[in-house]
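Protein chains in written order, with numbering that gives the first Met the number 0: chain A, 0 to 259; chain B, 0 to 259.
Quick caveat, the hints were computed from the structure, so don't treat them as lab data.
Hints are supplied without guarantee of correctness; some may be wrong.
Claimed, not checked - Below are the BS3-like pairs computed for lysine-lysine, each with C-alpha atoms no more than 30 Å apart in a straight line:
| # | chain 1 | residue 1 | chain 2 | residue 2 |
| --- | --- | --- | --- | --- |
| 1 | B | K19 | A | K238 |
| 2 | A | K114 | B | K35 |
| 3 | B | K238 | A | K238 |
| 4 | A | K35 | A | K114 |
| 5 | B | K148 | A | K183 |
As the list claims (entries may be wrong) - Okay, the calculated beta carbon distance ranges per label pair:
| # | chain 1 | residue 1 | chain 2 | residue 2 | range |
| --- | --- | --- | --- | --- | --- |
| 6 | B | T135 | A | D68 | 54 to 60 Å |
| 7 | A | L217 | B | R71 | 27 to 33 Å |
| 8 | B | K243 | A | K114 | 28 to 34 Å |
| 9 | A | L228 | B | D119 | 31 to 37 Å |
Note that the coordinates shown come from a computational prediction; the quantities given were computed from them, not determined experimentally.
Every residue gets a Cβ at the ideal spot worked out from N, C-alpha and C, and that includes glycine.
Protein chains: 2
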Amino acid sequence: MEIVLLGSGNIATHLGKAFKMAGQNITQVWSRNFDKALELADAVGAAPISSLTNINSKADLYIIAVNDDAIRTIAENLKIEKGTLVHTSGTSGLNILDGVTLNTGVFYPVQTFSKSKPVDLRLVPVAIEGSTTEITDFLVYAASRISEKVISMNSVQRRAVHVAAVFACNFTNHMYALAHELLKEQDLSFDLLRPLIWETALKIQTSDPINVQTGPALRDDKSTIVQHLRLLDNHPELKELYEKLSQSIINYEKINNGLA
Amino acid sequence: MEIVLLGSGNIATHLGKAFKMAGQNITQVWSRNFDKALELADAVGAAPISSLTNINSKADLYIIAVNDDAIRTIAENLKIEKGTLVHTSGTSGLNILDGVTLNTGVFYPVQTFSKSKPVDLRLVPVAIEGSTTEITDFLVYAASRISEKVISMNSVQRRAVHVAAVFACNFTNHMYALAHELLKEQDLSFDLLRPLIWETALKIQTSDPINVQTGPALRDDKSTIVQHLRLLDNHPELKELYEKLSQSIINYEKINNGLA
Numbered sequence: 000m001e002i003v004l005l006g007s008g009n010i011a012t013h014l015g016k017a018f019k020m021a022g023q024n025i026t027q028v029w030s031r032n033f034d035k036a037l038e039l040a041d042a043v044g045a046a047p048i049s050s051l052t053n054i055n056s057k058a059d060l061y062i063i064a065v066n067d068d069a070i071r072t073i074a075e076n077l078k079i080e081k082g083t084l085v086h087t088s089g090t091s092g093l094n095i096l097d098g099v100t101l102n103t104g105v106f107y108p109v110q111t112f113s114k115s116k117p118v119d120l121r122l123v124p125v126a127i128e129g130s131t132t133e134i135t136d137f138l139v140y141a142a143s144r145i146s147e148k149v150i151s152m153n154s155v156q157r158r159a160v161h162v163a164a165v166f167a168c169n170f171t172n173h174m175y176a177l178a179h180e181l182l183k184e185q186d187l188s189f190d191l192l193r194p195l196i197w198e199t200a201l202k203i204q205t206s207d208p209i210n211v212q213t214g215p216a217l218r219d220d221k222s223t224i225v226q227h228l229r230l231l232d233n234h235p236e237l238k239e240l241y242e243k244l245s246q247s248i249i250n251y252e253k254i255n256n257g258l259a
Numbered sequence: 000m001e002i003v004l005l006g007s008g009n010i011a012t013h014l015g016k017a018f019k020m021a022g023q024n025i026t027q028v029w030s031r032n033f034d035k036a037l038e039l040a041d042a043v044g045a046a047p048i049s050s051l052t053n054i055n056s057k058a059d060l061y062i063i064a065v066n067d068d069a070i071r072t073i074a075e076n077l078k079i080e081k082g083t084l085v086h087t088s089g090t091s092g093l094n095i096l097d098g099v100t101l102n103t104g105v106f107y108p109v110q111t112f113s114k115s116k117p118v119d120l121r122l123v124p125v126a127i128e129g130s131t132t133e134i135t136d137f138l139v140y141a142a143s144r145i146s147e148k149v150i151s152m153n154s155v156q157r158r159a160v161h162v163a164a165v166f167a168c169n170f171t172n173h174m175y176a177l178a179h180e181l182l183k184e185q186d187l188s189f190d191l192l193r194p195l196i197w198e199t200a201l202k203i204q205t206s207d208p209i210n211v212q213t214g215p216a217l218r219d220d221k222s223t224i225v226q227h228l229r230l231l232d233n234h235p236e237l238k239e240l241y242e243k244l245s246q247s248i249i250n251y252e253k254i255n256n257g258l259a
């Protein structure tokens, strides 16, 4: 399979390396930033490309892995004969590629990537959508080269996954950041919380979150909640978040216990 | 060392088992619920006690591991000759034990415990506070039997740890719960997010949260944020949380980049 990578960020890098390791042929890497194209092309044994007009029109798979607002412009500047064009966004619909070429799709890996940290893509779910059943099948086949957890879904479902991922990853990391802040103020190391964070994520690997919720809000322990809110008096933003999140836990429990 | 356990919940259970495994002598277990006292006493080779008046007055360490609002009443009903009396709460001060007996302290394990899931306490930080330097030393010694991460801190610091733990554990698990909810609505399995949750917690073991934040709010990617908010139109509570948390990420980045 001949693959062209358009983009050189975290997703392009991880996908490129995984396809390379799976024995696929990355022929070209384009990036707005040529130095980065050069670097990634070097890592995956491809040719670095500085202009979209020099992209080979006969590849099998074109992967656009760039910010959502750049997808359409790049797509419109490609000449594709028979290959399949995909983007990797959780939020953009399949329809953002409408009219550009016949065979289009989405290839969305549900993971958070940092450039420096290797991720085993085999365990990463990849959400696939194709413009036709045949394209879906082809993309499922292609994704199965690098992941054992390929799932086909429509754009509405994928968007829900993306919003859910924002809660489960981005907002979660922000919870860690706020905790870090509170410790720093008291000259305490974040190491105090690392085992707790680890255990919280570990539990969820084999349980549903509703079954392992703990803490003052779950117990509706008003005296502890009031004390915590008082401690946050100097942090109006954290105080508000503490209140809203505690209330959300209380409401969620009521709904799930059939009390609301 | 002779230890008396007052309480039979998750903390009492995990501490009791860890002390037992470390070769310490748990002599008595009291609980408001005698069946639970019986069960835990059986597990740690102690005598189950139904009335506080039957608690041995000559033990070395008395551990009250109950809800915060019950600590004082239990403490007042104990007769202690020379032993040290501690509670295990993150939020209650050392002073909740004032006047009950001479030697008092706090023994707060920074972890989330479920009864059914074993936790390796050796890796769990234990925050220690003693009414005197000697008591602090004794409690550090005692805690070191079961944990490699014993740290002495005052009540103000411990409260900060507890609030931080609410963010890093309880609110984090609630983020998982909300994500679970969003997937369920689209008939999608929570398995889609488990590797992402794992990776997010794994990253933080060797990085500070500020350095690994990702997502639309970090990038100030307004078009994705607006799309996500629209998707949450039917969930006013989730929509509000999405907005507040995104704004909090944006503000936090500005402060940490010296822009605010």
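Against the structure, the hints:
Taken as a hint, the K19(B) and K238(A) pair is broken in the structure, with Cα atoms around 40 Å apart against an allowance of 30 Å. Of the pairs offered as hints, the one joining K114(A) and K35(B) is violated, with about 50 Å between alpha carbons and a cut-off of 30 Å exceeded. Simply put, K238(B) and K238(A) have alpha-carbon atoms about 19 Å apart, close enough for the 30 Å limit, and the pair holds. This hinted pair checks out: K35(A) and K114(A) have alpha carbons roughly 12 Å apart, not beyond 30 Å.
Taking the CA atoms of K148(B) and K183(A), the gap is near 18 Å; set against the 30 Å cutoff, the hint holds. At roughly 57 Å, the beta carbons of T135(B) and D68(A) sit within the given window of 54 to 60 Å. For L217(A) and R71(B), the Cβ-Cβ distance of about 23 Å falls outside the hinted range of 27 to 33 Å, so the restraint is violated. Between K243(B) and K114(A), the C-beta spacing of about 30 Å keeps the proposed range 28 to 34 Å intact.
For the pair L228(A) and D119(B), the beta carbons lie near 33 Å from each other, so the given range of 31 to 37 Å is met.
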